[in-house]
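There are 2 protein chains.
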Amino acid sequence: MSTVSAGFSVSLDGFVADEKDDISALYGWMVGAVQQDTELDDMEYTDQGKDANEARSAAFGAIVSGRRTFDLAKGWGGQHPLGVPVVILTHEVPTEWANDGKPFTFVTGGVAEAVAKAKEIAGDDTVAVCGPDVMRQCLEEGLLDEIGVDLVPTLLGKGVPFFAGEGPVQLEKVSADDADGVTHLRYRVVR
Amino acid sequence: MSTVSAGFSVSLDGFVADEKDDISALYGWMVGAVQQDTELDDMEYTDQGKDANEARSAAFGAIVSGRRTFDLAKGWGGQHPLGVPVVILTHEVPTEWANDGKPFTFVTGGVAEAVAKAKEIAGDDTVAVCGPDVMRQCLEEGLLDEIGVDLVPTLLGKGVPFFAGEGPVQLEKVSADDADGVTHLRYRVVR
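From first to last, the protein sequence lines stand for chains A and B. Read in full-length UniProt numbering, the first sequence has 121 at position 121, and its numbers run on one by one without any break. Read in full-length UniProt numbering, the second sequence has 79 at position 79, and its numbers run on one by one without any break.
Hints were generated in silico from the structure; no laboratory data involved. All values reported here derive from a predicted model rather than from experimental measurement. Just so you know, not all the hints are guaranteed correct.
Copies of the same chain are indistinguishable here, so a pair counts whether it falls within one copy or spans any two.
Once the Cα atoms are required to be at most 30 Å apart in a straight line, the calculated DSS-like pairs of lysine-lysine come out as [said to hold, decoys possible]: (1) Lys102 x Lys74; (2) Lys117 x Lys74; (3) Lys102 x Lys117; (4) Lys50 x Lys173.
Given these sequences and hints, build the entire structure.
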């Protein structure tokens, strides 16, 4: 049975991006000194980021992403960097992506349908939920099994919040790894 | 030179109390199943809480507290549970406490004066900042050296926030301890 898991780099004050949607202050541990407009091809994983990503993506069978993340990433150039099929939750299927053989599935029926589709693709592997909006929808609909947090030692002050009023939700800590700079935390959602 | 340190039990979504000022969901790891109106004498430290508290309070030379915390705790019955002198930041000195030999000092000149007074009392020991409002004032005025977070595996959804827009502030992780349930995190404020 597939596990539905969401993971983010989060500032100590609970933001997943700054107010300009820039994530460079939060993902430096993973991909070095990226800027918001850094092209995918120019990104270079740090050793720490490479190890973390390889360990995680090995478990991923499919990704559920919001349309906004898909658009911001410009469709990851046709292939998600983790090499995993992506189910994209959208209001409208983009005609330029739908039928060109890329590993993307567009779902318009809501988050439960997107997760069901991703589980079908993933088989026994993990479904990774990408984007805080989709994560929160999954949490509210009882679809989320795990939350991963890479806790970054910074206070952004303002930005895009990780959580926005979901709860009360009981969690159970699965692991906490004291890495260089960041702390890798994993929680199981108790239902 | 005294270090000024703030420490709180915080939910994964960044609250230090629920919307009714109840902290029982966050301090269970430390003092068991307390309710909001549990009397101090009825509180019993868990083994984990006892160890954490003893290690911390041994380093404390003085505590800076907001008046609200002082009032909510009913003056801790005349003696802070950590057995440390308390400097209370207030607008008005309560006459019933000012001159009765209790280890409390009331300061009306603002947070910088309260911290200076606490440092004077603490000598080389740590000044502990108590209450999120006072912590945030210290952070904004550049008075805070360390932030301690006991990260509790729960989402409260709403409540009293730990941070409220302070930043950007760069932190440096001092330690992350994977304890039973909670994760004990310590950060140095980079100035």
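Here's how the hints hold up against the structure:
1. When the C-alpha separation of Lys102 and Lys74 is checked against a cutoff of 30 Å, the pair qualifies only within one copy, where the shortest distance is 13 Å, while the shortest distance between copies is 64 Å.
2. For a Cα distance limit of 30 Å, the shortest separation of Lys117 from Lys74 inside one copy, 22 Å, qualifies, whereas the shortest one across copies, 56 Å, does not.
3. In this assembly of identical chains, Lys102 and Lys117 lie within 30 Å of each other by CA distance solely inside one copy; the values are 16 Å within and 65 Å between copies.
4. With identical chains, the CA atoms of Lys50 and Lys173 are at most 30 Å apart both within one copy (24 Å) and between copies (21 Å).
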